[in-house]
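Assemble the complex: chain Y is given as a structure, and chain U must be docked to it using the hints.
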Amino acid sequence: AQSVTQLGSHVSVSEGALVLLRCNYSSSVPPYLFWYVQYPNQGLQLLLKYTSAATLVKGINGFEAEFKKSETSFHLTKPSAHMSDAAEYFCAVTSPGGKLIFGQGTELSVKP
Amino acid sequence: SQTIHQWPATLVQPVGSPLSLECTVEGTSNPNLYWYRQAAGRGLQLLFYSVGIGQISSEVPQNLSASRPQDRQFILSSKKLLLSDSGFYLCAWTSDLWSSYNEQFFGPGTRLTVL
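Taken in sequence, the protein lines are chains Y and U. Numbering-wise (the numbering used here), the first sequence opens with residue 4 and increments by one. Numbering-wise (the numbering used here), the second sequence opens with residue 1414 and increments by one.
For reference, chain Y alone in the conformation it holds in the complex:
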């Protein structure tokens, strides 16, 4: 069965610092992986997705994620945090039938 674990329900960084949000997955088949961002009281917006074409995936707003099969990880990074990056971030993996299995989410705070 597919599952996703996001390490750290809350991450706080200073503006300009590196952002690292961790995601580990479990999948019985080659996974397709996604990162979504949710701003307060809004729906989810896709940041990036991994579909086996390339292990390093670049997304919107300067984010990228690297698929590491040996570590079953798909961590999200951004070299320099902006105040506007403060939001909740969800990692997800597809399960058979196209459904998405979401992690519990990581709330990112950015300090000035």
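Check each hint, because a few of them may be wrong.
[As the list claims (entries may be wrong)] Computed far set for chain Y versus chain U, every beta-carbon distance over 10 Å: (1) L10; (2) V14; (3) L23; (4) L49; (5) E67; (6) K72; (7) P82; (8) P115.
[Said to hold, decoys possible] Computed footprint of chain Y on chain U, listed as stretches where at least three residues anywhere in the stretch have a Cβ under 8 Å from a Cβ of chain Y: (9) 1457-1464; (10) 1520-1527.
Read the hints as simulated data drawn from the structure, not as lab findings. Don't be surprised by glycine CBs; every beta carbon is placed ideally from N, CA and C.
For chain U alone, coordinates are given in the frame of chain Y:
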């Protein structure tokens, strides 16, 4: 381009009252539709999904139900709300259920508070 709408945006209902939340998609045909619930401080829980008119699959047994009366309309209902039904309800669509690399697109959500 495709857009997804949800209404109402916010709703405050007493315990025991009925519920009807609506989701519509524009700009696509035969979408696969999903209802999620996001409780405070928790992740997203898939409630229902639909691959076509009248076809509903339930993921979690509860006092909620879903219907799809038209191709691009998805409705979430309850006959009697519970306090535990409070949360943020999200509707989503994708173009092809069997293409696992297709992302889901989310609506703006409905904030439901049951008092």
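Tested hints:
no.	hint	verdict
1	L10	holds (14 Å)
2	V14	holds (15 Å)
3	L23	holds (20 Å)
4	L49	violated (5 Å)
5	E67	holds (16 Å)
6	K72	holds (16 Å)
7	P82	holds (24 Å)
8	P115	holds (25 Å)
9	1457-1464	holds (count 3)
10	1520-1527	holds (count 4)
The structure shown violates just one earlier hint, number 4.
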